[in-house]
Amino acid sequence: MHGNPALRFIRANATLIALVVLTLALALADPTFSTARNLSNVARQVTVVGIIGVGMTMVILIAGIDLSVGSVVGVAAVVVTLLMQYGLAAWIAGPVTLAVVGGAIGLWNGFWIAHYRIPPFIITLGMLTIGRGAALSLSNGSSIPVADRSFAFLGSGHIPPLPTLALLAIAALAGLYVLATRWRGVRKKGVPHLERDLPGILAAAAGLLLAAYVFGTSDGLPVPVAIFVVIAAVAIFVLGHTRFGRRLYALGGNEEAARLSGINVYATKIVVHVTVSLLSALSGILLASRLNGASPNLGSMFELDAIAAVVIGGTSLAGGSGTIGGTIIGALIIGVLNNGMSLLGISSFYQLIIKGLIISLAVWFDVLQKKNWKA
Amino acid sequence: MSDVVLKMEHIVKEFPGVRALDDVHFEARAGEVLALMGENGAGKSTLMKVLGGVWPYPTYQGDIFIHGERRQFRNPRDAMDAGIAVIHQELNLLAELSVAENIFLDNQPLNRFGAIDWRKLNDDAAALLAELGLIDVRPTDKVKHIAVGKQQMVEIAKALSKRARILILDEPTSALSDKEVTELFRVIGKLRQDGVCLCYISHKMEEIAQIADRIVVLRDGRTIGEPIAIPDITLEQIIARMVGRELTEMYPASSRQRGEKILEVRNLGVDHPSLPGARKIADVSFSACRGEILGLCGLMGSGRTTLASVIFGALPHATHGEVLVEGKKTDIRSPADAIASGIALLTEDRKALGLFLDQPITFNTTISSLQTISSPPIGFIDKSREYTLTEHYIGQLGVKASSADALVGTLSGGNQQKILLARWLNAGPKIFILDEPTRGIDIGAKVEIHKLLDRLAGQGVAIVIISSELDELLGMSDRILVMKEGRIVSEFTKANASREAVMEWAAGARRVEK
Numbered sequence: 001m002h003g004n005p006a007l008r009f010i011r012a013n014a015t016l017i018a019l020v021v022l023t024l025a026l027a028l029a030d031p032t033f034s035t036a037r038n039l040s041n042v043a044r045q046v047t048v049v050g051i052i053g054v055g056m057t058m059v060i061l062i063a064g065i066d067l068s069v070g071s072v073v074g075v076a077a078v079v080v081t082l083l084m085q086y087g088l089a090a091w092i093a094g095p096v097t098l099a100v101v102g103g104a105i106g107l108w109n110g111f112w113i114a115h116y117r118i119p120p121f122i123i124t125l126g127m128l129t130i131g132r133g134a135a136l137s138l139s140n141g142s143s144i145p146v147a148d149r150s151f152a153f154l155g156s157g158h159i160p161p162l163p164t165l166a167l168l169a170i171a172a173l174a175g176l177y178v179l180a181t182r183w184r185g186v187r188k189k190g191v192p193h194l195e196r197d198l199p200g201i202l203a204a205a206a207g208l209l210l211a212a213y214v215f216g217t218s219d220g221l222p223v224p225v226a227i228f229v230v231i232a233a234v235a236i237f238v239l240g241h242t243r244f245g246r247r248l249y250a251l252g253g254n255e256e257a258a259r260l261s262g263i264n265v266y267a268t269k270i271v272v273h274v275t276v277s278l279l280s281a282l283s284g285i286l287l288a289s290r291l292n293g294a295s296p297n298l299g300s301m302f303e304l305d306a307i308a309a310v311v312i313g314g315t316s317l318a319g320g321s322g323t324i325g326g327t328i329i330g331a332l333i334i335g336v337l338n339n340g341m342s343l344l345g346i347s348s349f350y351q352l353i354i355k356g357l358i359i360s361l362a363v364w365f366d367v368l369q370k371k372n373w374k375a
Numbered sequence: 376m377s378d379v380v381l382k383m384e385h386i387v388k389e390f391p392g393v394r395a396l397d398d399v400h401f402e403a404r405a406g407e408v409l410a411l412m413g414e415n416g417a418g419k420s421t422l423m424k425v426l427g428g429v430w431p432y433p434t435y436q437g438d439i440f441i442h443g444e445r446r447q448f449r450n451p452r453d454a455m456d457a458g459i460a461v462i463h464q465e466l467n468l469l470a471e472l473s474v475a476e477n478i479f480l481d482n483q484p485l486n487r488f489g490a491i492d493w494r495k496l497n498d499d500a501a502a503l504l505a506e507l508g509l510i511d512v513r514p515t516d517k518v519k520h521i522a523v524g525k526q527q528m529v530e531i532a533k534a535l536s537k538r539a540r541i542l543i544l545d546e547p548t549s550a551l552s553d554k555e556v557t558e559l560f561r562v563i564g565k566l567r568q569d570g571v572c573l574c575y576i577s578h579k580m581e582e583i584a585q586i587a588d589r590i591v592v593l594r595d596g597r598t599i600g601e602p603i604a605i606p607d608i609t610l611e612q613i614i615a616r617m618v619g620r621e622l623t624e625m626y627p628a629s630s631r632q633r634g635e636k637i638l639e640v641r642n643l644g645v646d647h648p649s650l651p652g653a654r655k656i657a658d659v660s661f662s663a664c665r666g667e668i669l670g671l672c673g674l675m676g677s678g679r680t681t682l683a684s685v686i687f688g689a690l691p692h693a694t695h696g697e698v699l700v701e702g703k704k705t706d707i708r709s710p711a712d713a714i715a716s717g718i719a720l721l722t723e724d725r726k727a728l729g730l731f732l733d734q735p736i737t738f739n740t741t742i743s744s745l746q747t748i749s750s751p752p753i754g755f756i757d758k759s760r761e762y763t764l765t766e767h768y769i770g771q772l773g774v775k776a777s778s779a780d781a782l783v784g785t786l787s788g789g790n791q792q793k794i795l796l797a798r799w800l801n802a803g804p805k806i807f808i809l810d811e812p813t814r815g816i817d818i819g820a821k822v823e824i825h826k827l828l829d830r831l832a833g834q835g836v837a838i839v840i841i842s843s844e845l846d847e848l849l850g851m852s853d854r855i856l857v858m859k860e861g862r863i864v865s866e867f868t869k870a871n872a873s874r875e876a877v878m879e880w881a882a883g884a885r886r887v888e889k
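The listed protein sequences correspond, in order, to chains H and W. Okay, so the first sequence: first residue is 1 according to the working numbering, each after it adds one. Okay, so the second sequence: first residue is 376 according to the working numbering, each after it adds one.
Any given hint might turn out to be false.
Simulated restraints, written as ranges between beta carbons of each label pair [unchecked claim]: (1) H/L357 with W/A505: 23 to 33 Å; (2) H/A180 with W/G833: 37 to 47 Å; (3) W/F390 with H/F121: 28 to 38 Å; (4) W/Q834 with H/A180: 35 to 45 Å.
Simulated from the structure, these hints should not be mistaken for lab results. A virtual CB, placed ideally from N, CA and C, is assigned to each residue, including glycine.
Extracted from the complex, chain H is given alone in its bound form (with noise of 0.2 Å):
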């Protein structure tokens, strides 16, 4: 690497700055763009992505992959609406479609990838046909309806203005006080990690001031962003601070060594699994509460978005290596690219273009800056 600071600091943090200009840009290009309707809109549009690129990572952090996604949210976006018309409460419907459809799909997976040793990508595309075929059958081919008015909750409700003013403060004094018994820890010790910490200290503070006016002048926190916060956040804690997301990184970055050292590969592997098909049967039953009903091709492709999402956040295909903070960053790339795209009426199909062009760009920047680490 460079001598040059300005220089290493924008290398290390490529993703977060190419978010935060592509914002700026769009808000100065689409007043539109700006408004706290249309930036809710857009956090709700990526809690979706957001929420099973959570998942994803783990899944890739270990070096595996699932393309099953797509299908398993269809699949719980079908069996949760049929569940409610066989009469069904939706408080038990939702629970019982999260372990019915993701826990299943999830052990699933996760039995053939660890037990028979199965390549993650063929024993997902299996999944991801299998799940379509189920979700087309269940349903008929046909979309179904909601009668369950409180099902609506889940996806469109909001968390008031005044509420989630309250909420954000607690984050925020929640994040002063990390920081605070971070710094003593770094001023006892010596370990600087200042240059390491600011990026993602500036973005969470203009996050939280961001979602104050997003949230707070509009009709407040809307409940699926919420839910995607509150998995965000223990996945950052997990992954980060626990004995499991220690597991995850080892078995990612040298499977035979990490079970050497005692892990259990076998298990830690179907919890991964089981997570990320937990995690996208959520996504399922959210869309359908948003939609008020289920088409049975919902979700299909998501599991690109997915993969786009957790690959723009610097995540390594090779495993070992990646956090969530990047997957969300990759998520509202590619969220806040959907939404000023089709604001600016760029055509559907040149949007596809553009996004994959962003994805082609963001894995060989990765590719890159390995390159640079290792000379």
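Place chain W on chain H using the hints.
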């Protein structure tokens, strides 16, 4: 001198924060074996990468002269065209291709249709193999089916096919049996006669004495003195040049007390994974005591590593017999079980089987004993405690690293090995098995590791060392077990063990009478 074929002058190569090569200069002549020695991290590999065009001009400073002509290699191809071939420690062969295909990998002879001329390819390969005196390897054999020693010969044949006149061998014997080493030395001798210039990188003093004409020592990226002819320098002087000080003792003088029996292995056997009915190891029984260092000796393929893996629960295939720890029968099915029973295994191949190279020292140190830095039920990791703990080991083992946050991939081999030792020390084993603990490690680090093992044994740990270096086993062990073809064939105590006696059993010159 007219026969100087390779001359390096004022070579400087810098990495961020490190000067890996600092004014290196030496000459090598046609028809000689020049030994390049130095501790790990002394700059040998970097030097070879500069010479092989891996670090292209102008990422280094200084001049390289080939046959008196100044050359600047911009890529490995340039170096190859100048007649330089590097044979790396890890062989660069494609296992699924045939010997001949590997030899002529990027310059296959073509027929008049522009397709590969298979007959000529195989004939040319056969001619090269014959030239090297390799009669029992067919050009059509798949590389994965021939022994490591032969694979190395194929690498040499590949170099010769490109008309290489300067051959660099990086630790060529580290994976070879004694017989294969003899074979390699015969070929080296022949190449020397043919006027090839050979640069031979090795840690093994005996080999250098046996094969090299002159020796040049690298330390901290500098050449120490001029190349000197082997008869004019003593072993002690070479070591002094390498470490910058005289080493008084390679092996600690031990005054340990042997305690009660802690590990007992009864009739252990492992089925051969591909041959039904056959065993990779069979009827292995032995025991180890607290405070004892047990040496496990045997040639490559004698079953030493398999034995260690079985005890550690790392092998998936069927096992027979039982393992007792502290007199109690165990049911070890995974490394996790073994660690829980107080057994640790330092694996042979630290990069493939041990380290997480992209992770910091802290991560690598604590991965096998996360319970020491975290608390149930969610397993929250106390990073500040982890950092302190890691710094403690860095200090205790004398690891050279910028901080506990340094990525393990950036450390030298000896320091990496120390990190693996730290990992297992932190797991607090009662039985510590080490598979080739000092392979590919410089002498300074080696002595430190020996002392550490002696100290550990003194604290009541039972230590089992597997090593291909007989001197190490003889120097360190209280008892030596000799393995051959999956069985323990004899046992020596420190008093009655000798190089010759142990080798006789290991090589099969003597057999158990039935």
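Status of the hints after comparison with the structure:
For the pair H/L357 and W/A505, the supplied restraint of 23 to 33 Å is violated, since their beta-carbon distance comes to about 56 Å. The supplied range of 37 to 47 Å is met by H/A180 and W/G833, whose beta-carbon atoms lie about 45 Å from each other. The hinted window of 28 to 38 Å between W/F390 and H/F121 holds, with their beta carbons roughly 37 Å apart. Restraint check, W/Q834 to H/A180: a C-beta distance of roughly 41 Å satisfies the suggested window 35 to 45 Å.
The structure shown violates just one earlier hint, number 1.
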